[in-house]
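Colleague: Residue numbers (UniProt numbering), protein chains in the order written: chain B, 1 to 722; chain L, 1 to 722.
For the record, the hints were derived by calculation from the structure and aren't laboratory data.
Hints are supplied without guarantee of correctness; some may be wrong.
Repeated chains share a single entry, so a pair holds when one copy, or any two copies, can fit it.
Said to hold, decoys possible - Computed cross-link-like contacts, EDC-like style, restricted to lysine to aspartate or glutamate with a CA-CA straight-line distance of at most 20 angstroms:
id, residue 1, residue 2
1, K644, D634
2, K406, D510
3, K417, D510
As a plain string of letters, each chain reads:
Protein chains: 2
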Amino acid sequence: MTSSWTGSTFIRQRRTDEDLADDDDAVISGGLFPTSLRRRGILPTGCCSDPRMKLHANADFGPNPHHPEDPARIEYIMRTLKANGLVFKGSDADLLKILKKEPAKYMYRIPAREATREEICTVHHPQHFSWVEGLSKKPTDELRLLSSKLDQGRDSLYVGSMTFEASLISAGGAIETCKHVVNGTVKNAIAVIRPPGHHAEFNQAMGFCLFNNVPIAAKICQTEYPEKCRKVLILDWDVHHGNGIQNMFYDDANILYISIHVYMNGAFYPGKPDNPMTPDGGIEMCGAGPGLGKNINIGWHEQGMGDAEYMHAFQKIVMPIAYEFDPDLVIISAGFDAADGDELGGCFVTPECYAHMTHMLMSLANGKVAVCLEGGYNLEAISKSALAVAQTLMGEPPPRLEPNKKLNKDAARLIAKVQAIQAPYWECMRPGIVDVQDLKDQGSMRLHDVIRKAQRQGLQEKHNMIPMYIHRDILFRSFENQVLVTPGLFSARKLLIIVHDPPELHAQPDPLTNRLDAHNTYMVDGVTEYINWAIANNFGVIDINVPHYITHPQDNDAFTPRPNEKALQAQIQDLITYIWDNHLQIHDADNIFLMGVGNAYLGIKVLLINRDVKSRISGVVNFVNGNLRPVKSDVDQDLSGWYKENSRVYVANDHACWADADYTRKVHKRRFGTVIRSDVNGLTRMMREHFGDVQQWVMGRLSSEEDEEEGHGDTTEEEKFA
Amino acid sequence: MTSSWTGSTFIRQRRTDEDLADDDDAVISGGLFPTSLRRRGILPTGCCSDPRMKLHANADFGPNPHHPEDPARIEYIMRTLKANGLVFKGSDADLLKILKKEPAKYMYRIPAREATREEICTVHHPQHFSWVEGLSKKPTDELRLLSSKLDQGRDSLYVGSMTFEASLISAGGAIETCKHVVNGTVKNAIAVIRPPGHHAEFNQAMGFCLFNNVPIAAKICQTEYPEKCRKVLILDWDVHHGNGIQNMFYDDANILYISIHVYMNGAFYPGKPDNPMTPDGGIEMCGAGPGLGKNINIGWHEQGMGDAEYMHAFQKIVMPIAYEFDPDLVIISAGFDAADGDELGGCFVTPECYAHMTHMLMSLANGKVAVCLEGGYNLEAISKSALAVAQTLMGEPPPRLEPNKKLNKDAARLIAKVQAIQAPYWECMRPGIVDVQDLKDQGSMRLHDVIRKAQRQGLQEKHNMIPMYIHRDILFRSFENQVLVTPGLFSARKLLIIVHDPPELHAQPDPLTNRLDAHNTYMVDGVTEYINWAIANNFGVIDINVPHYITHPQDNDAFTPRPNEKALQAQIQDLITYIWDNHLQIHDADNIFLMGVGNAYLGIKVLLINRDVKSRISGVVNFVNGNLRPVKSDVDQDLSGWYKENSRVYVANDHACWADADYTRKVHKRRFGTVIRSDVNGLTRMMREHFGDVQQWVMGRLSSEEDEEEGHGDTTEEEKFA
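Whenever a hint applies, use it, and build me the whole structure from the sequences.
Modeller: So this is what it looks like as structure tokens:
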């Protein structure tokens, strides 16, 4: 069985023989480790650390001197790497001997060194360098005072007498790590360094960061290896946004900065409270000038993200864009504060997931990946995470992820938004994104107007319903034609007023252009059935369609936001009170029923609160799958009680209020009405499910009122109007 | 600087010390290679081959004995692995000594062996085993006859006197390779084996395949290691569909079969010509019973796919589903006939892309990946591809892909369809997929009816246009209300007949539910402007909306296919000739203009061909961004010439006809009319762009006819009808 291993003569075609020349011995002779030209993979992984970085410690000798950015951080990580056999315990000379034979056995020690002033000033202002340098000359009491002053708000910093020196080594460690990766001494590498860097700005230390290690290293590599290292991807998975890195390269076309972080609409560190409109970490921050599209923020809307969300971000955004960018070097700004166990971060990324993210990034740049420690404050969590990353760098298969973690829906929506925002800059982000400005240039119209026109046509054909006359100047144009009424409304003895959301649309758009084929788009509408039933039972009907959105001509966002609830509420209030004051108040119907569907049920709430209508209303039926709203009034103490007794509020089965016992208790209070948990979800499904129930309830209230309270008897409409 | 490497006392928190116990020496003692429990990655990669598999050769000694499935295939691959230093040239004993010290230096030799009858019959019928066994007993002339008979159609097979023995070793090699991976003797492995297996059915040899190596190996691993190897992912990237694997595990919940192959609607091997409705490789084949959802076909619509499409398939489908399945073992059915250079496959996958796909799969199952050779017939291509795969298995970073390859649009659509088809079975496929059956259960209506209703309402309000009366029994219901006409049509002196596609819709649906907000959905319509203009200029207008799709109540496909052009053409022909025969033929208008927009311009073609209308038509204007159609007639030889002189056919700037010189020449022939390349793309944009041009052209033809041919002078409509 050995002939195919040692060569054979059984060859019928020889056309590739030249390619098959034996180049087993072709090696890179200049490097530390002799390696076949085609086998960079057998180079060792590098690791850079230096105990001098532990000398940066808090000078604030107050009653609670502990600070999360503690010297023990790198100590713990290094001990863990050692305990797991990744780090050799003997001398450098012995290590080198071993690695030349067995390159994957241990990590190669990359020596750290102090960065120079020139190196640091590639991305920092000389005055900033001098400020940090000055710390080493300050007396201890002054440092103590400074630390306690800086440990506030956005600064969030401490300083000590050795801060300058430690910071120089941290930056120098990052430089040496990246250089070793670029020049091929090692396959890839990890720098276990501190203080971290990614918050440090051009001219300011902040967020535990003095010098911005990763940008310095990236700049030095680009300068010293202009051929080999032109394009750098910096992937920042620290739970905080790396404002410093973003700002340093915001207009740089050759540095792609991708950050995955908790954003919370700017409320999470380092959001800018002084300029809340544009915190650095927002997803709309895409770079500028030549760097447009080279800044990608995946800023979670809340804490609590874990493997499912990070894997999703990598699959949907990070890896497709990274492939398209095709970097020469990947630097990971590896904070481990999104790790499961880090209380500051409040996220749940497992060591396994860090391994998988590392493994994915290792497919880029011929495997040239340099990992630089940033934040991360739970010693156990950062150690386990860093171990997983280092093992993966060394060629260990990433361990299996815990399966079937549910993807957070809002995170999935955020990812889709990031895709829409990056679509102009990246081919791979374009499929499935609508260019709203371009559609407007083609004279498009929003579909909600089209649909309401069709509804009006349908209700007119079937029931002769017509638009109600409304003084237009008091209302936005969006409410035009939104109110349809049955003919002879004023002589109806029974009225049903339905305030509803527009019908639901579901579509399977073309995956590339998002063009819809109308025949693949479906409209689902639960209201028509109720109108048909009401008219068949001689109700007069007022059908009020409330658009989700009040059109503003300047909106060009592909995801036009859901309506500003306050503005919409003001509009609905104007409309519904207008209808009440001008039409219903003077109406002498015996029975008036209100029905609210979806977010539009807000209209029912504002009518009940703003007009004293209790005595005129025979019942209220609401279908809710969004915000549940209380009906109460400071003026009318009986309102909530009346509402409870005279309403049925169907709430979707998957509504958040059922998941939380406190919330459930709350919605059973009087002011939320008689709340009923539906067996189903979705407005249309709910309306169909409870149709019989509602009919019975309405008719039951009707006859009892007619029979007992007003004694109208059981006459039919025909008899009354005969 | 050595203290952090060798341990230190600088620790302020000790809470994780127990976890940090030094377990450097904990090894798996049973294995061939001692390895730290936490470092499976330093095990060697295995490789299995055996020269005896070359003994299966074509017994058909005809004038052209060469067969693509040639013994040289494995010879070339092994030589290439050797030439690149992946395979040791010395003895097994020396290799073992080296690997114990330097596990990544060479691949470990996994010995092949003959599979047993029992092993093979885990997936094959005993009669099939006996049939193959019988080949070894047949005389050469009989084998020759059999080979020449089998080398036809779907059988596509050759046999020889050593076929049985070689097939046993091929299957045994696959078994040993997978077992070595599962039991952890090696990190991962590649089996360079032949004959291939994936076409072989339970009871039939076909497609160069005798025994189905990979299913046999999977079954044996599941049986022998029930704990360690319960769930197996078989990823088949051979360019042909692995019908045998699919059918053997079609109802098996523990084997996920994913195949990426050329399908061509069943026309590509091994499509089933005897049952063209359900060729095995169709994307709708999802498994059955307990195996429902465990069969995934990514069947390309055509050849020519390359890195962009394969990476896209991996990013969008393969990896998300594989993570969700979470296999214990990954087997790659690795045909290299989709490789760039393989003429049979006609695809362009590079060695780099094979490396990346391998690297991605290595993130699964704790890295337990076994690669088994299937097809691939260009010796150079398969050797380079196998080398890239083997290097990646050994820990080499995957080489960079050639950047910015354009993704084939139809391939992207196919991937989206696969997502829709798999959505019921995989959580990760669900976001963005519409469940049509569920929408129907909610009583939805297709949006095209809604839109047409709105258009009708609009044209009625603005121009008093009304539906034309049409005998319904001769036409499908879909054409109801699709024809609107201006009032007093019969007295109009000038007519414009517009046959158009429905307006375009563009939407940004919710990324999870595909629910549309109508305010985020845009309708773009180029026709209304022309109608307004025509009516302002006293034209009578017939507006014919041609739905893309004729509704069939039983369709539940999220992507209802674009219309069957033939059926649609028959319908349009019925409609347009009905209108001509009943309304226009007897009309005495001086000028009739025809306008065709989009696919509906088919209507213009069928009218011109099926009725002799030349003398009545003053001009034809078409806007085309889909199929360009010739207007010619065997009966009327002058028709094409007349069409050329009396038409303007605006063709989208990005139409395929401009990309190819032959095609361009062709569309400038008379029968395509006067074809004009537009500066823009998209029907609506084109109609806006050429609005002025069309007005001028139409008015120019009008006045000349009126002035010269019929001498009507320049009277206005008012004067005429005064």
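Colleague: None of the hints should be skipped; say for each whether it holds.
Modeller: Status of the hints after comparison with the structure:
In this assembly of identical chains, K644 and D634 lie within 20 angstroms of each other by CA distance solely inside one copy; the values are 16 angstroms within and 79 angstroms between copies. Only between protomers do K406 and D510 lie at most 20 angstroms apart by alpha-carbon distance; the minimum there is 18 angstroms, versus 27 angstroms within a single protomer. For the identical chains of this complex, K417 and D510 are neighbours both inside a copy (18 angstroms) and across copies (10 angstroms), given an alpha-carbon limit of 20 angstroms.
The earlier numbered hints are all upheld by this structure, with none contradicted.
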